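The whole structure should be built from the sequences, with the hints applied where relevant.
One letter stands for each residue in the lines below.
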Amino acid sequence: MLQARDIRKHYGGVHALKGANFDLRPGEVHALVGENGAGKSTLARILAGSTRADGGSILRDGREVRIASPLDAQRLGIGIIYQELDLFPNLTAGENIVAGNLRFREGAMVRFGEMERFCRPFLAQAGLSCPVDTPAGELSIGQQQMLAIARALSMDARILLMDEPTSSLFDDAAERLFELIAGLKMRGVSIVYVSHKMDEIFRIADRATVLRDGETVGTVEIAATSVESIIRTMVGRDVTIAQRAGRGPAGEVALEVDGLTTAKLRGVSFTVHRGEVLGIAGLVGSGRSELGAALAGLDRVVSGAIRARGGFGLVPEDRRVEGLMMRMSVLENGTIAVLPRVSRAGFVARTAERRMLDPVAAGLALNCPSMDAPVSQLSGGNQQKVLLARWLLVNPDILFLDDPTRGIDVGAKQDIYRMVEELARAGKAILLVSSELPELLRLSDRIVVLHEGRVAARYDAEEATQERIMAAATAASGTGARPQ
Amino acid sequence: MKLPAFAALPKNFLALAGIVLLAIAISPVAADGSRVFLEIGNLTDILRQISLIGIISLAMTFVILTGGIDLSVGSVLALSTSLTAMWLTRGYTHSVAVAILVAVAACALAGAVNGLVIAFTDIQPFIVTLASMIGVRGLAKWLSSNQNIDIGFGQDLAAHFAAVFRQKALVIGSYAAASAAFWTLLSRTVFGRHVRATGDNERAALHAGLPVRSTKVWVYTLTGLLSGFAGVLYAAENHQGNPNAGVAYELDAIAAVVIGGTRLSGGKGSISGTIVGTLIMGVLTNMLRLNNVDSNVEMMIKAVIIVLAVAVQRGKGGNGA
Numbered sequence: 003m004l005q006a007r008d009i010r011k012h013y014g015g016v017h018a019l020k021g022a023n024f025d026l027r028p029g030e031v032h033a034l035v036g037e038n039g040a041g042k043s044t045l046a047r048i049l050a051g052s053t054r055a056d057g058g059s060i061l062r063d064g065r066e067v068r069i070a071s072p073l074d075a076q077r078l079g080i081g082i083i084y085q086e087l088d089l090f091p092n093l094t095a096g097e098n099i100v101a102g103n104l105r106f107r108e109g110a111m112v113r114f115g116e117m118e119r120f121c122r123p124f125l126a127q128a129g130l131s132c133p134v135d136t137p138a139g140e141l142s143i144g145q146q147q148m149l150a151i152a153r154a155l156s157m158d159a160r161i162l163l164m165d166e167p168t169s170s171l172f173d174d175a176a177e178r179l180f181e182l183i184a185g186l187k188m189r190g191v192s193i194v195y196v197s198h199k200m201d202e203i204f205r206i207a208d209r210a211t212v213l214r215d216g217e218t219v220g221t222v223e224i225a226a227t228s229v230e231s232i233i234r235t236m237v238g239r240d241v242t243i244a245q246r247a248g249r250g251p252a253g254e255v256a257l258e259v260d261g262l263t264t265a266k267l268r269g270v271s272f273t274v275h276r277g278e279v280l281g282i283a284g285l286v287g288s289g290r291s292e293l294g295a296a297l298a299g300l301d302r303v304v305s306g307a308i309r310a311r312g313g314f315g316l317v318p319e320d321r322r323v324e325g326l327m328m329r330m331s332v333l334e335n336g337t338i339a340v341l342p343r344v345s346r347a348g349f350v351a352r353t354a355e356r357r358m359l360d361p362v363a364a365g366l367a368l369n370c371p372s373m374d375a376p377v378s379q380l381s382g383g384n385q386q387k388v389l390l391a392r393w394l395l396v397n398p399d400i401l402f403l404d405d406p407t408r409g410i411d412v413g414a415k416q417d418i419y420r421m422v423e424e425l426a427r428a429g430k431a432i433l434l435v436s437s438e439l440p441e442l443l444r445l446s447d448r449i450v451v452l453h454e455g456r457v458a459a460r461y462d463a464e465e466a467t468q469e470r471i472m473a474a475a476t477a478a479s480g481t482g483a484r485p486q
Numbered sequence: 393m394k395l396p397a398f399a400a401l402p403k404n405f406l407a408l409a410g411i412v413l414l415a416i417a418i419s420p421v422a423a424d425g426s427r428v429f430l431e432i433g434n435l436t437d438i439l440r441q442i443s444l445i446g447i448i449s450l451a452m453t454f455v456i457l458t459g460g461i462d463l464s465v466g467s468v469l470a471l472s473t474s475l476t477a478m479w480l481t482r483g484y485t486h487s488v489a490v491a492i493l494v495a496v497a498a499c500a501l502a503g504a505v506n507g508l509v510i511a512f513t514d515i516q517p518f519i520v521t522l523a524s525m526i527g528v529r530g531l532a533k534w535l536s537s538n539q540n541i542d543i544g545f546g547q548d549l550a551a552h553f554a555a556v557f558r559q560k561a562l563v564i565g566s567y568a569a570a571s572a573a574f575w576t577l578l579s580r581t582v583f584g585r586h587v588r589a590t591g592d593n594e595r596a597a598l599h600a601g602l603p604v605r606s607t608k609v610w611v612y613t614l615t616g617l618l619s620g621f622a623g624v625l626y627a628a629e630n631h632q633g634n635p636n637a638g639v640a641y642e643l644d645a646i647a648a649v650v651i652g653g654t655r656l657s658g659g660k661g662s663i664s665g666t667i668v669g670t671l672i673m674g675v676l677t678n679m680l681r682l683n684n685v686d687s688n689v690e691m692m693i694k695a696v697i698i699v700l701a702v703a704v705q706r707g708k709g710g711n712g713a
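Those protein sequence lines, which keep their order, are chains A and B.
Residues in the first sequence are numbered from 3 upward in steps of one, following the numbering used here.
Residues in the second sequence are numbered from 393 upward in steps of one, following the numbering used here.
Hints listed in this document are in silico derivations from the structure and should not be mistaken for laboratory results.
Only a predicted model underlies this, so the values are computations on that prediction, with no experimental measurement involved.
No residue lacks a Cβ here, since even glycine has one placed at the ideal position from N, Cα and C.
Possibly wrong hints are sitting among the right ones.
[To be verified] Residues on chain A that point at chain B, a partial pick, calculated with CB under 8 angstroms:
hint : residue
1    : 326
2    : 330
3    : 349
4    : 350
[Unchecked claim] Here are some of the chain A residues that sit facing chain B, going by a computed Cβ distance under 8 angstroms:
hint : residue
5    : 323
6    : 324
7    : 328
8    : 334
9    : 341
10   : 342
11   : 345
12   : 348
[Unchecked claim] Using C-beta positions, here's what the derived DEER-type ranges look like:
hint : chain 1 : residue 1 : chain 2 : residue 2 : range
13   : B       : 523       : A       : 364       : 49 to 57 angstroms
14   : A       : 343       : B       : 487       : 39 to 47 angstroms
15   : B       : 700       : A       : 354       : 37 to 45 angstroms
16   : A       : 129       : B       : 513       : 38 to 46 angstroms
17   : B       : 515       : A       : 286       : 27 to 35 angstroms
18   : A       : 5         : B       : 523       : 55 to 63 angstroms
19   : A       : 354       : B       : 636       : 20 to 28 angstroms
20   : B       : 605       : A       : 374       : 24 to 32 angstroms
21   : A       : 21        : B       : 513       : 30 to 38 angstroms
Quick look at the structure:
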């Protein structure tokens, strides 16, 4: 039905896909699984024509095809439902369906009657009962997803790609989605279901293809496998990272969080001591970044208590969007939060400013052409170091590091590991979010696993394993997660 | 002169040099054979003519660096001319200093209101200052009953004020002093850093704990203050308070800022660039007028220059230092 052969794709120096293979049969629900960054979404986007592959081939019914744009995909009967639902919120449901639709000829004028006749059967198929002239933005997230599905069906999609469709849905909406998927399957629509949630995959999928580090490692029949087996295939690599350095006993409590509830968190509780690294595991969207925002006072706390003894610093996940001023220099970015320390009467003493940043930059092995170079010219790893330098200068007692090694090279990672260990030894309380489990296992004294805004499991360093953490993070049952 | 060193200059400096050379080349020639454009009187006239827009565009640079815009500067200038003339001619005070202070303080307050609304609501600066552009104009007209308030040429306080504050040296000197002050403020102070950081990446600035809101309030307050001061000079120059003064000044100021290489999206730009941008517009106007070009044609030529200047700077090396 649809085959992908040896698909390759890189962004800059990062290989998102380096040999992905995939084979879809008619009328099946086929799960694409893998860790964060394994390349599942990239593969789906390539099949839908929104991203171009660097190499490899795609076959539709055995014939090689070129999918260079979403229109090409539409002609081949391939539709995609994006995680972030690419609807026009200010257009009506009907207008969303006919926009760019090759099967609905638009004249110079809008013909409302025809649009309504065209749209209604597809809205019904998708289980959406709203009037055709409802603005998309007024629908709930679940209904918007149904609208996106109706749109794909109206384009005569025989293959439907769904990228993490339940990531923003509540339980009942997810339930309706599963019923809809079953109905579509009955009608012979093939579905590619991108997810890393084991419970969902085992419920709806017929087969699963596992991606790891941009490569296909295998395709299995769901009926003939187990959660543990899939997780082992997903994680794959052995734990070869050097053992964590022994640290002294933790000091007094630095941060106490009790029943913290926000828009994205539900009753999260934990404590962190001075001199301790608390690892925070969880998938993207599990609430791990929202935890940092809530602790930093950037998100509204609905209920619960945060008791901090000392200053709090947050190194955000997306350094380009939330961390750095990309047009400003390395020096200016490093010192921006502590300028009063090197200024008199509001005037910055530039020699003192440089002297203040130099030792911190050296400690992080920051490598840049010049302190006056714009930070945008640095590699990802060095950009991250500039951001860390900023917070080392602020010197808070509690530091929340949100995936600090994401997308950076191995050498820079080692420098950051060293810094985290030095900070803990110096008596700081560290909260460390990471998408890479070996990294969490190496650095953390204790690990909290988040799933859908709740604490799904807690482990001491000795008892944590990649398999256990992954099972708790994907909410697979019966894998040894301790109930809380 | 080696070409590489020359080519390394910011492009807006080169553009200014080019326009100056063109102005010299096509300048009318006086009876004694000298070029009119190069006469000291003409050159200082250019500086005096650009001073008001120049002063406003200094503060506008700060606003635009934060990612904002201020459309109310022309109306604020009109408010200032009216207040200055009213206080001087109606016997509210016997001190020129007090009259100026009242006008400038009122304008700074108008700017502060802009800043407070922008900093504490989600309403875009364009809309907030569009509203105050209308509202402050209304205030100026209401206070002055929509009348020009004439400042005479006699021996009274108002006439004395006008005589002092319309001197070329004082006007140009004010622009020079304000330029030096704002250049220092942007490149040497903590506040200047905060202005650039806010415009470069507001979310990051919030994450870093910077005083984003107070920075915004201050840049709009400064814009009100400088527009107010420009209004005082306007009143002296024209011997009147005029509630209809300063129409479209915001557009001239914004043009000077963007020709100077400051990005409307914020974060990147410079005071020196803005000064160059102001000079480009001033020299261009002077050149065209010396050659008796129709003022409507002048506007069309300016339109082309604005787009060309910005397009050229989007290429490599287009940052005014």
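Query raised in the report: Do the beta carbons of residue 343 (chain A) and residue 487 (chain B) sit within 39 to 47 angstroms of each other?
Result: holds (43 angstroms)
Query raised in the report: Can the hint on residue 348 (chain A) be confirmed by a CB-to-CB distance to chain B that is less than 8 angstroms?
Result: holds (5 angstroms)
**Report entry** Distance restraint evaluation - residue 129 (chain A), residue 513 (chain B), Cβ atoms, bounds 38 to 46 angstroms
**Finding:** holds (40 angstroms)
Report task. Against chain B, run the beta carbon of residue 328 (chain A) and see if the smallest gap drops under 8 angstroms. Result -> holds (7 angstroms)
Query raised in the report: Does the CB of residue 324 (chain A) sit less than 8 angstroms away from some CB of chain B?
Result: Since the shortest Cβ distance to chain B is 5 angstroms, the answer is holds.
Requested in this report: With 37 to 45 angstroms as the target window, see if residue 700 (chain B) and residue 354 (chain A) comply at their CB atoms.
Outcome: Given a distance of about 43 angstroms, which is inside 37 to 45 angstroms, the answer is holds.
Query raised in the report: Do the Cβ positions of residue 515 (chain B) and residue 286 (chain A) conform to the proposed distance bound of 27 to 35 angstroms?
Result: holds (33 angstroms)
Query raised in the report: Can the hint on residue 323 (chain A) be confirmed by a CB-to-CB distance to chain B that is less than 8 angstroms?
Result: holds (6 angstroms)
Query raised in the report: Per the CB criterion, is residue 341 (chain A) less than 8 angstroms away from chain B?
Result: holds (5 angstroms)
Query - Cβ separation of residue 523 (chain B) and residue 364 (chain A), checked against the hinted range 49 to 57 angstroms - result: holds (51 angstroms)
Query - residue 330 (chain A) as an interface hint toward chain B, with CB separation required under 8 angstroms - result: This interface hint holds because 6 angstroms falls under the 8 angstroms limit.
**Report entry** residue 5 (chain A) paired with residue 523 (chain B), Cβ distance criterion 55 to 63 angstroms
**Finding:** Once the Cβ atoms are compared, 60 angstroms apart, the range 55 to 63 angstroms for residue 523 (chain B) and residue 5 (chain A) holds.
Of the numbered hints given earlier, the model fails hints 19, 21; all others are met.
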